[in-house]
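With these hints in hand, go ahead and build the complete structure from the sequences.
What follows is each chain in one-letter form.
Number of protein chains: 6
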Amino acid sequence: MFDVMTFGEAMMRLSTTGFERFEQASDYKMELGGAEANVAVGAARLGLFASWISLLPENSIGFSARNKIRMTGVDTSWVKFSKKGRMGLYFVEFGANPRRTKVLYDRENSSIRNISLEDFNFQEILKTRLFHMSGITPALSTSCEKATKEAILAAKANGALVSFDVNYRHKLWTGSAAKTVLEPLMKHVDILITTEEDIEIVFGITGETFGDSARKLQKKFGFKVVVITVRENISVWKNLWTAIAFDGNEIYTDRKYKLEIVDRFGGGDSFTAGFIYGYLEKNGNVQEALKYGNAFSALKHTNPSDFSWASLEEVESLLIQKTLRVER
Amino acid sequence: MFDVMTFGEAMMRLSTTGFERFEQASDYKMELGGAEANVAVGAARLGLFASWISLLPENSIGFSARNKIRMTGVDTSWVKFSKKGRMGLYFVEFGANPRRTKVLYDRENSSIRNISLEDFNFQEILKTRLFHMSGITPALSTSCEKATKEAILAAKANGALVSFDVNYRHKLWTGSAAKTVLEPLMKHVDILITTEEDIEIVFGITGETFGDSARKLQKKFGFKVVVITVRENISVWKNLWTAIAFDGNEIYTDRKYKLEIVDRFGGGDSFTAGFIYGYLEKNGNVQEALKYGNAFSALKHTNPSDFSWASLEEVESLLIQKTLRVER
Amino acid sequence: MFDVMTFGEAMMRLSTTGFERFEQASDYKMELGGAEANVAVGAARLGLFASWISLLPENSIGFSARNKIRMTGVDTSWVKFSKKGRMGLYFVEFGANPRRTKVLYDRENSSIRNISLEDFNFQEILKTRLFHMSGITPALSTSCEKATKEAILAAKANGALVSFDVNYRHKLWTGSAAKTVLEPLMKHVDILITTEEDIEIVFGITGETFGDSARKLQKKFGFKVVVITVRENISVWKNLWTAIAFDGNEIYTDRKYKLEIVDRFGGGDSFTAGFIYGYLEKNGNVQEALKYGNAFSALKHTNPSDFSWASLEEVESLLIQKTLRVER
Amino acid sequence: MFDVMTFGEAMMRLSTTGFERFEQASDYKMELGGAEANVAVGAARLGLFASWISLLPENSIGFSARNKIRMTGVDTSWVKFSKKGRMGLYFVEFGANPRRTKVLYDRENSSIRNISLEDFNFQEILKTRLFHMSGITPALSTSCEKATKEAILAAKANGALVSFDVNYRHKLWTGSAAKTVLEPLMKHVDILITTEEDIEIVFGITGETFGDSARKLQKKFGFKVVVITVRENISVWKNLWTAIAFDGNEIYTDRKYKLEIVDRFGGGDSFTAGFIYGYLEKNGNVQEALKYGNAFSALKHTNPSDFSWASLEEVESLLIQKTLRVER
Amino acid sequence: MFDVMTFGEAMMRLSTTGFERFEQASDYKMELGGAEANVAVGAARLGLFASWISLLPENSIGFSARNKIRMTGVDTSWVKFSKKGRMGLYFVEFGANPRRTKVLYDRENSSIRNISLEDFNFQEILKTRLFHMSGITPALSTSCEKATKEAILAAKANGALVSFDVNYRHKLWTGSAAKTVLEPLMKHVDILITTEEDIEIVFGITGETFGDSARKLQKKFGFKVVVITVRENISVWKNLWTAIAFDGNEIYTDRKYKLEIVDRFGGGDSFTAGFIYGYLEKNGNVQEALKYGNAFSALKHTNPSDFSWASLEEVESLLIQKTLRVER
Amino acid sequence: MFDVMTFGEAMMRLSTTGFERFEQASDYKMELGGAEANVAVGAARLGLFASWISLLPENSIGFSARNKIRMTGVDTSWVKFSKKGRMGLYFVEFGANPRRTKVLYDRENSSIRNISLEDFNFQEILKTRLFHMSGITPALSTSCEKATKEAILAAKANGALVSFDVNYRHKLWTGSAAKTVLEPLMKHVDILITTEEDIEIVFGITGETFGDSARKLQKKFGFKVVVITVRENISVWKNLWTAIAFDGNEIYTDRKYKLEIVDRFGGGDSFTAGFIYGYLEKNGNVQEALKYGNAFSALKHTNPSDFSWASLEEVESLLIQKTLRVER
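Residue numbers (my numbering), protein chains in the order written: chain F, 0 to 327; chain L, 0 to 327; chain E, 0 to 327; chain X, 0 to 327; chain D, 0 to 327; chain U, 0 to 327.
Copies of the same chain look alike in the list, so a pair counts if it works inside one copy or between any two.
Pairs of lysine-lysine, DSS-like flavour, derived with a Cα cap of 25 Å:
no., residue 1, residue 2
1, K79, K145
2, K155, K79
3, K126, K186
4, K83, K101
5, K170, K321
6, K101, K82
7, K101, K321
8, K101, K79
9, K321, K237
Since the hints were made in silico from the structure, they are not lab data.
The following block contains the structure:
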């Protein structure tokens, strides 16, 4: 019995160094990233028993991807290697004001896009307290869409909580395509984690305030909890981060973190992992979940890679931190 | 027929990494820089057909310099290799408040300083819509001074616009030496790009405001356009950038860019390239030229190297940019 | 009028450093490679006016590929950017005895595979003394096969010499598929450059000696010159290299080079470039061509990257070299 | 039920780069090494279900050590973190003829040296087909010596095969101290893997030939199999590697591998892992075990790190390899 | 006759790069640090004749430590190499808001902890205008405590000024242990340099203002000068730095420096070096000493390493600096 | 009283990495080199009290050069900083068979070339057992030629032994110019260290054997000892090294070292340092001197940089070395 299982794609990330633009670069740093993989890693870092389900190409690049996940303590028993498709890639160049950080995707025909329903028997696999997915997976291919549905239904049938991050990607599908696919899934979702932008694009929901939006969403789909994460881009190197939550009853808020940005990729996924940790380990206390989510996300922004390398101890220490002196 | 031709020196730049001081460093990054080369590169990046005229030493370091320019798309047909002189160098260490970024020049006896009037037949070479030079070239040697004059006259004779950046360098000459050489050239210049500091040192002109200075300059020399670029050093890592222009009629201003500084070298040259682009491609619209200049310069500050690696598309996107989110 | 034009794919090459295996690596070096691009680069290094014709994706990775070629002096006017397809990649890990150097291709759906006959009007483009292609291009897709045929015919029609490197790649097609496509093209080829292995697989031709094989090939297809390159793998770090040629008349041989292998990729392509240089510039003297080919190839093996960075001066100096002392 | 379990120390390895001597170096590469950890990693690479038992300090460096093992697929459930002791380190500088590669140990007071018999209940833990240790562990401290004995007895009691590598380290103990501790353990050992030097120092056994030595050893202690690995140092960068085995009956030999040395650390441990793989998976066929051991060891020498990153497929391919061409 | 002598431990510092967390890192940068070594280096950089007294292990890592100090111009005649003990290490990972920079010590059983009173005859060695130590040395071991006392007494007996930095380290001892050891030494100290936090923990002294604290301290122990350094952590990357001094008479203050933090280690030690420089070279002018201390410390924060690589010229230039433009 | 003093130029060396050619390189490694500096460093490494006399430019690059020497323990009291001239540079790219390692000098107008006889009072400075120079210094400029003569005469007058390395550099002067300058100096030289090539070019002396040449040289100039070093270039990565000596009486020979070449720069200078060490410390025993010279030189070839980083202990261990196993 796992605490958390997630299912989704991971891609190799090739990033330039020293703020070099793609056309300048000769040296690339290779890491791994993918929304659901990032969440599994975050959960494992915080001490949960986490497993990531995926399909990777059966070659050294695919094995390397598995290794990079395995290194963090995530269970990879359900990572399968396939002769179909390739490893998706994305190229990253980090920005500085006023230049935005930029991603260039090369993710076509990845192994997971070629998934067939025989690849995973989700009913048997999903023995977990919570199952998490994002809106990226169903956008990858028709068979991914089917697998998403099947996985969520299997999780529910097995009595797991289901959390979902909308994670709209305009390169993968339109807002209306997303709506068509995602709306029917929402009734199986217990915890929805999203942003203002995504719910407007996908569900057409806007609100005067974040709380207002959360209320509307919750009302429409009946989620146990809706979370809206909020990032303010003071500049490319300086962001503010917080999130609000609504449990159908009360609006929960937390402090705003002032972030010095080393790498903002996976910041939202770390929020999710922290939130899940708090929710599962603090008896569904939404206020606590929110705090763990925000603190874990804040720490994530300070290390390179999509993964958070912070620990539970650091998160809890940040919750009460009074100083920025060197920690000796 | 080129859009832009420039003529001047380029030096190999050796910079330390990770904010190391020269006395700490064992690893150096080698790149190329030089005011006129930078302008040619910027023009080429923006899609203009640009050529850089220069003399380099006939050895692998000289060839390497040519290659680094050629890589950006600048035409190097008029780069000649000479057995006389050496490749000029400059060493760079990047600062952090309150330590200023520092340059150490090792540029004596460079090949271009040994130029003779037989090396280039400017009358034949300068087939271009615009010819650009800076005040550095005539400061290098007596033969460079002569070549500068000859080149500018040839450009005018061929009907090209002439733009000029004062670019005063106190290590090369005094303000009064600069005045003696540069003042007689000014009547051939259409577009002057400079700073408050330089015009005070070289032309003895000061004003209550930037506009005031621009007016005085324009009145004195009769330029088509005078541009004054304005940098505010909030701190070493944070600058504000803008510029103003005067066309004899109207003062043009633009927004101030808040810059997170990766590398400020070549920031002024990228302004020039952007301004030239706007001026040539937007029918001499000074307001547009100013906007393109500022945006292109702002982007330059965010990539390592003296060259800008931004694209026209990015400049135009910055002109209307509303967000600092990751560009996916 | 170019001296040499080539047409074919180029891929981004990502290689690990320090003999790391793929599963160990976090840092990759990015370079460019592709048989026909390598030949064009080699020709340009030797002073020929060379142009490379290709299709690349219209994004920063594609532009970067173009830049890396342009840097060497190859003309890239005929490199087009396409919205279809992606940049092909290949991953490299360097071996040490008894582990072979390994390549992992990720080249599906590259832009050039999506070529259509409207993309290039070869009749107009191919104004060149010699046109070179390899057997990789027609193996990429049906439209690439058509374009290959059209290009070769156009070159012949325009009076160019045609050189061809069989370059059989078993991941792309079978020997018999290669035979079906390549045999009909051979009558248009003047200079064939190949290896023992490839002519056995593709044309089913074997010989007692290299000379024997060359004779049979020449007899069958009527080439002006057949060249067989010969590599002996003493160990992974130590190879012997030579080649033989047959002009229908005489067998030409040359010394064997003892190579300390830094990077053997592109070694054959540099042979081709050197051979073409010698053939074109020494009035079709096959013996000279062979010498230039071998020396240029030998030097290629000593620098990282698929490209040769040796110069004509170095090649000619190697032809008469008597010492291995430091060159000061 | 594991295939292989090993128990022993691992240390962080800090190696200089580019053949720099310690007094030159500012940049160090950090990796993990340790005889028993290396064997577990090798076994896991070859597809066995392997677990490594150890004690590490409870801090980020200790966690990092665990991660580096976990990344390879070795089970780390039995890696415990302790507040006692520190992470042992060793510094490495790679040699070139005539300078030998050098190790500088900083391994005092490591966590595992502070082991107490309560830390591991070996009887319960050692559910495995084979249990492997080396002579390093009992040399670390008195409690390590006790734990070694207890572990071996528990393994035997649980019906596991026991393999043992003498691995004499003169910095840790004298030959006679080693003899006193190791001799009594030998009767529980099924497979002994060692070298000529070590058996002379520790057991005082010498032979005319390797086979002779193996016979004497086998006769004295009654091992199922004795293996003597043989390395010839042609030069620092070039070694020959082979091994012989004796099963009480027959002497087995194998080809000599000619190695280009990238990193010879862990070469013996990879032999052990390969031998164990062959022995377990080929029904105790000593000839096969020897072949797998030698091939896996040969490949290990070609990648940086104490760990082998070769795969079973590569080992089997090397057993029949005919070429050193690039593997595409 | 030296200007400054210091006595204390130095450790090798291993820091990750690019803000990597320890568990991510494979590449470490090795440098040297230690409070008293840092002060000696700073003094030497400013032109004083400085010597550092210490014990290092007699191996390449110890020699390397000596070299790194020697490189800066510090005299190392009194650095002795010992067969006892090891080189202490500390691991550093740099933070970003809200994650603090973190140090992980591995400093047990260092050579200096094994000091015996025969190792140094301080009476003979300490021929210097000023002798400096910190509260770290007596905390290392009982023999270090004795050596500290002996050294301070010898310095006084030889007529040297004694400066002392409290430098409380909670990993080494408790506040009350520090008090027991340090209080009796204070009567021999002329210049005390410390922080608000440390004097509260060690001496139980608090004040309404920094001046107030300084007054109480001075009154209690009779120091010639008390200095309190003041750091405000605006964020991890942005600090304010200043210090105040009290000479029994007057409170001296100086400007606050706004720092962009590259590396804050050794910031306090550079203050001390600068203060000592000013005090010794400006005839005991406390106001001048304070200015030199603050400026030198400010510059230190902008270069990697515990050592300051600023020069006297740069310090004096900063004291009157008006611009943050590039220094050409 | 020093053991060894040397006087000459040092240059900053910028070398590419990974066998990159100059035209490929963006990253350069900066080190220091210069014949006489190298000898002083070697002597200091072996435990002699050595001092290097030189003139460097008064800037951070000059200070950095001094630091790099100082780090090794060489006394730099007699390194002066000058406002005249610049730091000489040389660029290095490492070869691989059949490509030779290549040096590109950029050493014009270095500070030392601008030396005046007032800069050093050699009579006062040269308090040393042995004074060493090479034929490079007098070739640099007329004032350097004068200083060389003055220094050698002063050394003799002070009773020092004089050693001299011919070190002919064809880029600096012709053989006959060298002859004119060097021949008159030879009568003051006690120990001449040279090669076959150099004595033929400079002194027109050839011999059937190395011994023959040494005899002729000794006879002509009356040296106490003549040494001829002998390098055989098996390949670029593999050399044989030895030397022979003649003391007017007997020919001394030593073993040939088989070298795996990491960096051959400074190999001859390390021979000189080792020879001087043996000669001074073994009471003028030429056989011993030869052995120390060869062993120290052999070790030098295995570390990057012109400096040897071997120790006396390693040299003496190599003299009796029987194994190439890892040194643990």
